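A.B. asks: Sequence:
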Amino acid sequence: MDLTELKALAAAEKAKFKPLRVHCCTSTGCQAAQSLEVKNNLAQAIKDKGLGDRAEVVGVGCMGFCGRGPLVQFAHDHQLFETVTPDQAEAIVDVLVGGEGDLVKGDPEHPFFSRQFHIVRKNSGNINPDRIEDYIAVGGYQSLYKALFEMSPAEVVAEITASGLRGRGGGGFPTGIKWATVAKMPEGQKYVICNGDEGDPGAFMDRSVLESDPHLVLEGMAIAAYAVGANHGYIYVRAEYPLAIQRLETAIKQAKKYGLLGSQVFDSPFDFKVDIRIGAGAFVCGEETALIHSIEGKRGNPRPRPPYPAQEGLWHCPTLINNVETYGNISAIIEKGAAWYSGIGTEKSKGTKIFALTGKIRNNGLIEVPMGITLREIVEEMGGGVPDGTIKAVQTGGPSGGCIPAHLLDTPVDYDSLTQVGSMMGSGGMVVMDTSTSMVEVAQFYMDFCQEESCGKCIPCRAGTVQLHAMLTRLLKKQATLADLQTMEQLCYMVKEMSLCGLGMTAPNPVLSTLQYFRSEYEELLQPMPAMPTNHALTV
0 MDLTELKALA
10 AAEKAKFKPL
20 RVHCCTSTGC
30 QAAQSLEVKN
40 NLAQAIKDKG
50 LGDRAEVVGV
60 GCMGFCGRGP
70 LVQFAHDHQL
80 FETVTPDQAE
90 AIVDVLVGGE
100 GDLVKGDPEH
110 PFFSRQFHIV
120 RKNSGNINPD
130 RIEDYIAVGG
140 YQSLYKALFE
150 MSPAEVVAEI
160 TASGLRGRGG
170 GGFPTGIKWA
180 TVAKMPEGQK
190 YVICNGDEGD
200 PGAFMDRSVL
210 ESDPHLVLEG
220 MAIAAYAVGA
230 NHGYIYVRAE
240 YPLAIQRLET
250 AIKQAKKYGL
260 LGSQVFDSPF
270 DFKVDIRIGA
280 GAFVCGEETA
290 LIHSIEGKRG
300 NPRPRPPYPA
310 QEGLWHCPTL
320 INNVETYGNI
330 SAIIEKGAAW
340 YSGIGTEKSK
350 GTKIFALTGK
360 IRNNGLIEVP
370 MGITLREIVE
380 EMGGGVPDGT
390 IKAVQTGGPS
400 GGCIPAHLLD
410 TPVDYDSLTQ
420 VGSMMGSGGM
430 VVMDTSTSMV
440 EVAQFYMDFC
450 QEESCGKCIP
460 CRAGTVQLHA
470 MLTRLLKKQA
480 TLADLQTMEQ
490 LCYMVKEMSL
500 CGLGMTAPNP
510 VLSTLQYFRS
520 EYEELLQPMP
530 AMPTNHALTV
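Counting from 1, position 495 in the sequence shown corresponds to residue 494 in numbering that gives the first Met the number 0; the numbering is continuous, with no gaps.
I should point out that these hints are in silico values taken from the structure, not numbers from a laboratory.
Be a bit skeptical, because a hint or two may be false.
[As the list claims (entries may be wrong)] Label-pair ranges, simulated between beta-carbon atoms:
#, residue 1, residue 2, range
1, 315, 86, 17 to 23 Å
2, 252, 75, 43 to 49 Å
3, 86, 200, 46 to 52 Å
4, 153, 11, 31 to 37 Å
5, 389, 302, 28 to 34 Å
6, 342, 1, 29 to 35 Å
7, 493, 306, 22 to 28 Å
Here the structure is a predicted model, which is why all the values come from computation and not from measurement.
A virtual CB, placed ideally from N, CA and C, is assigned to each residue, including glycine.
My request is simple: use the sequences and hints to build the entire structure.
C.D. replies: Structure, rendered in structure tokens:
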């Protein structure tokens, strides 16, 4: 297949789209709320009303407004329906052909939608993730063709470097530098890995991308493999994501059928095979070296670095590891250029970021926003604020991040700004808390998570997280003293500085950030100081 044939296929597939196209979300969350039944009933209603020649219902990926699902939207005029139930299918079809219906209508111009800027989620909610033809119809795999036939591997690396893209897995390491390091290693076996081991509580960004647009990730991986000289890739996904795994398996088979994966991609000398590895749900396997050990069939423990995976990774070969969202940016950068991408965001944080907006907030779900937007814009404008009371804090970065108080809501959302206020970008969890939230309980929750997920290889993390959790528990039982609080703070810094990998290094962050901004809540739980004995003068 060449570019002409690919574009012809795209045009032919687009021509098959019927004028009245109904999109029904079939993501994991909406399926739990009967979205598949909604989809089936919509298809039956279209058939019963004799509209099959001009109307169709398409199961699509996540539309973002997760708290209002299942969602149904008309492609031609963007009418949106929220909290749809299976028995409303006939009423929706009536509206489709100009009638009226007693339905809950959403507003596509709501700030939740209008303030977003889609790059990675550009196809989510618009294409059928189970059909490669839908992806090709919207321009899919044309960036891969461009990379293979119009650019050298070095030029691809240079384009990614110039774009300013940083890894979306948490650390924010410059993607171009990582690619260049692998590319410069001696010729021989190299690997490309997609880290889909999303384990932060409340985070579901990567799951949504894999469920909604699996070919976007595969195309990004293939471009990366060409750039660094790899011919084999692995996608590491946790077993708790069965729908993502199913859609990836389907996508890989379809891409092989069209010659877009496997041997001689696009009839070129480039070969690229992709396999899926399913993780058992260990949070520590999100760390690069632990993930590599898991793929190799070993216990998922991290190892000291250097050597870094880019130098010696999977089976001791140079290995490129990026996460789902990072690969999701690649095709757009190749298509539109580094200058376009670097014009989005801030000076040091380019592009967009996907967040899972959850917690005490009116509008929860997935958002993709330009870097540099403020927390206030996200929480108050897009999220609609808290239902009752006022905002107390926003927790970003999951167990590795921190709690940012309400008076800092004007902080820009970028890598450096979040770090400066004691938190981090992380993979993209964003939990909103109101004034009823105990910040000590929040710290205890995240420490409980970290102690359970510690692999136990290094003592600072293995023992330190247990002791920190015990100290927080004593505080909440009002059994701790000021000396205990001081010891806990010292222990936080010891665990942070002495742990082997990122899990232990960042585990104290929720404690330290809540101590920084909400110390009074800790002090209120301390045991009162014993009364000093009264000195009585001796009388003779």
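A.B. asks: Next, verify each hint and record whether it holds.
C.D. replies: Evaluated hints:
1. 315 <-> 86: 17 to 23 Å: Because 58 Å falls outside the window, the suggested range is violated.
2. 252 <-> 75: 43 to 49 Å: The hinted range 43 to 49 Å is violated for residue 252 and residue 75, with Cβ atoms some 31 Å apart.
3. 86 <-> 200: 46 to 52 Å: Since the Cβ atoms of residue 86 and residue 200 sit about 34 Å apart, the hinted range of 46 to 52 Å is violated.
4. 153 <-> 11: 31 to 37 Å: holds (35 Å)
5. 389 <-> 302: 28 to 34 Å: violated (46 Å)
6. 342 <-> 1: 29 to 35 Å: holds (31 Å)
7. 493 <-> 306: 22 to 28 Å: Because 27 Å falls inside the window, the suggested range holds.
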